[in-house]
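S.K.: Each chain, letter by letter, is given below.
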Amino acid sequence: MAKRPVLTRLAKRPVLTRLAKLESLPIAAVLLTLYLVFMITAPNVFTGHRIYMSFLQTIPPMLVLALGLTFVITAGEIDLSFSAVVAFAGFVFTWWYRTVGEPWSALLLAILAGALVGYINGVLVAKIGVPSIMATLAAQFFWAGLTVLLAGGASWNIKGIQDEALHGIFVGRLFGSIPAQSLWALALTVFCWFLLNRHRFGEEIMFVGDNPNVARVMGINVERTKIKLFTMNGAMAGFAAVLLTTEMNTFWTTQGEGYLLPVMAAVFIGGSSIAGGEGFVVGTFFGAYIIGSLEAGVVATGIGGYWTQLVSGLVMGASVVLNIVIGDGRLAAVSNRVRSWVTPSRDDGG
Amino acid sequence: MAEQEGGSRFRIDAPADRGTVDPADPAEGYALRMAGIEKYFGLVCALRSIDFEVGRNEIVGLIGDNGAGKSTMVKILTGVFPPTRGTLTVAGRDVDFRSYNVKRAHAHGIETVYQDKSLGEKQVLWRNFFIGREITGRFGFINVKKEKEIAQQIMVETIGFRGQGITVDSRVSQLSGGERQGVAIGRAMHFDAELIILDEPTVALSLKEVRKVLNFVHKVKESGRASVYISHGIQDVYEISDRFVIMDRGEIVASIAKADITLRELNEFMLEYAHGLRDEGR
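Protein chains in written order, with numbering that gives the first Met the number 0: chain A, 0 to 349; chain B, 0 to 281.
Some clues are possibly wrong.
With beta-carbon atoms standing in for the labels, derived distance ranges [as the list claims (entries may be wrong)]: (1) A/ILE273 with B/ASP168: 45 to 53 Å; (2) A/LEU173 with B/SER172: 25 to 33 Å; (3) A/GLU256 with B/VAL202: 46 to 54 Å.
In silico DSSO-like links for lysine-lysine, alpha-carbon gap of 30 Å or less [to be verified]: (4) B/LYS257 with A/LYS227; (5) B/LYS121 with A/LYS126; (6) A/LYS227 with B/LYS102; (7) B/LYS144 with A/LYS227; (8) B/LYS220 with B/LYS257.
These are computed hints drawn from the structure, not numbers from a lab.
Being a predicted model, the structure only gives us computed values, none of them experimental.
Glycine included, each C-beta is placed from N, C-alpha and C at the ideal position.
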């Protein structure tokens, strides 16, 4: 029997269909393409390891924030207050460490401070019925304002933190170059994937975001789930604040401000639906690295800083379109079309 | 056939004369019994003196216009909210309304299939089968393999999905309206429901899809379970019910056995009712 052409045999296997099922593959492809383009356009910067180490140092706080926000978005809600939590929890961490001199309790307090902000958001949204966009917008102003007041509008130095074990564990350099925070963020990504996709809590979040009425009649306590969700997001923002503050050895009152839009962009280009019911942790992971790499990449190509926003917008738009096209199963349709082209029909004697 | 009275075949104004049927053979007992149920929302009375029973393996068609109180009654039965007063007995066990909720209703063997809120549209089928009752290991992590296996079994054996391109990994949005209701009914049957409440399960479905749903309801009866079927489609209700309970403005006004009424008579009865002719003697 004559062997079939390789292409025919490949087409027999629905490779594209299977690939399309891999979570967030299009976004991973966008990130890879982006780095390849940067390697060609800025070889001096992107063929060395230093730029990547720099990304592993700067992106983790944004990734941690984006992971928390992914859960909120999946539940069909929004949280605009996390950037203020980065400032507030950072202040709590700094103030406690400077006052008491003990970093672990400072870490715990910072996370608790974030959780408290999240809990209040959750109660406002779930119990009182304030739309989350409004409740968290107000919270954003309130907690940012309170932080400025408490800190007296000044930056606070915590140089002593460099000598603490906590510094080495969370933001030290593994093998002298790999930032530890990148590994913590990676571990948190894995944990969040399991929490969303394999844990009862994650499933409840998906159903709450999909249709709260369905969730309610299926026995899910929608209000409690939302409160837990916002609390968790606040706690994660508290942790991100510690990573940032410890890495910089300084607290400043506006340290969270730059994160609001990039973090939201990372979640959305990762494929999570603003309508709720669907969330992609892996997509958020790659989304954060795309967003976090864009500016440095564009500047490194030498086309000038003025292009940064334009290119960022282009990449974000392309990522979202790609995600929608492939997520809709249209890739499977393309796969079937290719198969029908290359698979000989019965009449051909195949 | 019930006696004609005052130009009407069934009296509706005196509770003692509500139809002629014994809801269930007392020897077999009741799947469910409500007594003296009242529900107030503030000063508004939504349900008044509801006495309602469903026999084991009986299908009761609950009929009434919008605002008659059918959904309020269902929500009390299914633990969404408690009544202001009254008692509920499920399979011989009294329900304590202070701790009664949807999960407790499930534990009592009451499952509900709603018109449009039984399934999560964007979620895969295996998640929909087990939402609220996940098979979990330590720390609440879901045993996905087991859930998928059981979901597959329900789809093939209980619902009868075979070779229709639908798998446990299909999203609900890929299913037709009838198939969705089939999934919801199959889920209810799998969880050993004593009583399955179907709240307008055929609204907005094509005739073919309605037929699918009715076939699923027939399976409920064949499997020895009881059901309360709520619908505005008198023909559908007539086909599958053993008894019809008619509600109006928060009260049960008639209970009629299928043997005592033809479809045409039931239609006329409801039409007269809808036109207010029944109000003349009230």
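S.K.: Run every hint past the structure and note whether it holds.
M.R.: Against the structure, the hints come out as follows:
Checked against the hint of 45 to 53 Å, the pair A/ILE273 and B/ASP168 fails, with Cβ atoms roughly 24 Å apart. The hinted range of 25 to 33 Å is not satisfied by A/LEU173 and B/SER172, whose Cβ atoms lie roughly 44 Å apart. Checked against the given bound of 46 to 54 Å, the beta carbons of A/GLU256 and B/VAL202, roughly 50 Å apart, stay inside it. At roughly 50 Å between alpha-carbon atoms, B/LYS257 and A/LYS227 are farther apart than 30 Å, so this suggested pair is violated.
Taking the CA atoms of B/LYS121 and A/LYS126, the gap is near 26 Å; set against the 30 Å cutoff, the hint holds. A threshold of 30 Å between alpha carbons decides the hint, and for A/LYS227 with B/LYS102 the separation of about 20 Å falls inside it, so the pair holds. Between B/LYS144 and A/LYS227, the direct Cα distance comes to roughly 27 Å. Compliance with the 30 Å bound is thereby established for this hinted pair. Restraint check for B/LYS220 and B/LYS257: satisfied, since their Cα atoms lie roughly 15 Å apart, inside the 30 Å limit.
Checked against the numbered hints above, the structure violates hints 1, 2, 4; every other hint is satisfied.
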